[in-house]
Amino acid sequence: AQSVTQLDSQVPVFEEAPVELRCNYSSSVSVYLFWYVQYPNQGLQLLLKYLSGSTLVKGINGFEAEFNKSQTSFHLRKPSVHISDTAEYFCAVRGTSYGKLTFGQGTILTVHP
Amino acid sequence: DTEVTQTPKHLVMGMTNKKSLKCEQHMGHRAMYWYKQKAKKPPELMFVYSYEKLSINESVPSRFSPECPNSSLLNLHLHALQPEDSALYLCASSQGTSEDTQYFGPGTRLTVL
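Protein chains in written order, with the working numbering: chain A, 443 to 555; chain B, 32 to 144.
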């Protein structure tokens, strides 16, 4: 079984500032890792994923994340945020041989002008 | 094309009504999922269909009845729901392979009166 901890429930930040949303996971097996974004009253949109290979993963909208196996982390970063990045962000993990996604509790990113 | 469509967008129903939620994907995906998402919570898995067969039922009450008529369509039949069933219902699909990624629809906002 896997578990995901998103360390911050809310992250306020000013426009054009950098941001990091933290995600730690626990698993007894190898995992795949995902970040999804959910805008108000919408479904989840895939931002990026780590399956294998380079531990630095680039996604849509200028986001990137780094897989750190020793620290069991998959933190999401963006060097300069926009107002339009205001949304809820979910980190998710799945075992490599099993299809059930386990989500973290979500981090609400609020970008202020 | 990574689009999953869901209808209706909003649904209000009484506790004695019968209604259905519909989900469609044309990406050739062979796995489809229903999730329930309450406000300020992550999605909770309800059902998984793999190659048109129900493979996972997360102990969902029988008032929710899934159906997969073909590989592109997924329905969720609702009957005798309770007010606490009010939530955003999300459909997702994936290729059904070991490295697959789930793509989500926009959801149906259900209100049970």
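Don't read these hints as lab results, they were simulated from the structure.
Among the hints, erroneous ones may be present.
As the list claims (entries may be wrong) - Label-pair distances were calculated between CB atoms; the ranges are:
| no. | chain 1 | residue 1 | chain 2 | residue 2 | range |
| --- | --- | --- | --- | --- | --- |
| 1 | A | D450 | B | E75 | 17 to 25 Å |
| 2 | B | S81 | A | Q547 | 22 to 30 Å |
| 3 | B | E75 | A | N483 | 14 to 22 Å |
| 4 | A | K500 | B | H110 | 27 to 35 Å |
| 5 | A | L449 | B | L104 | 18 to 26 Å |
As the list claims (entries may be wrong) - Some chain B residues well away from chain A (every beta-carbon gap over 12 Å; in silico):
| no. | residue |
| --- | --- |
| 6 | V35 |
| 7 | G45 |
| 8 | S51 |
| 9 | E89 |
| 10 | V91 |
| 11 | E98 |
| 12 | H108 |
| 13 | P114 |
| 14 | T139 |
Ideal Cβ positions, reconstructed from N, Cα and C, are used throughout, including at glycine.
What hints, given by number in increasing order, does this structure fail?
-> 4, 5, 6, 9 and 14
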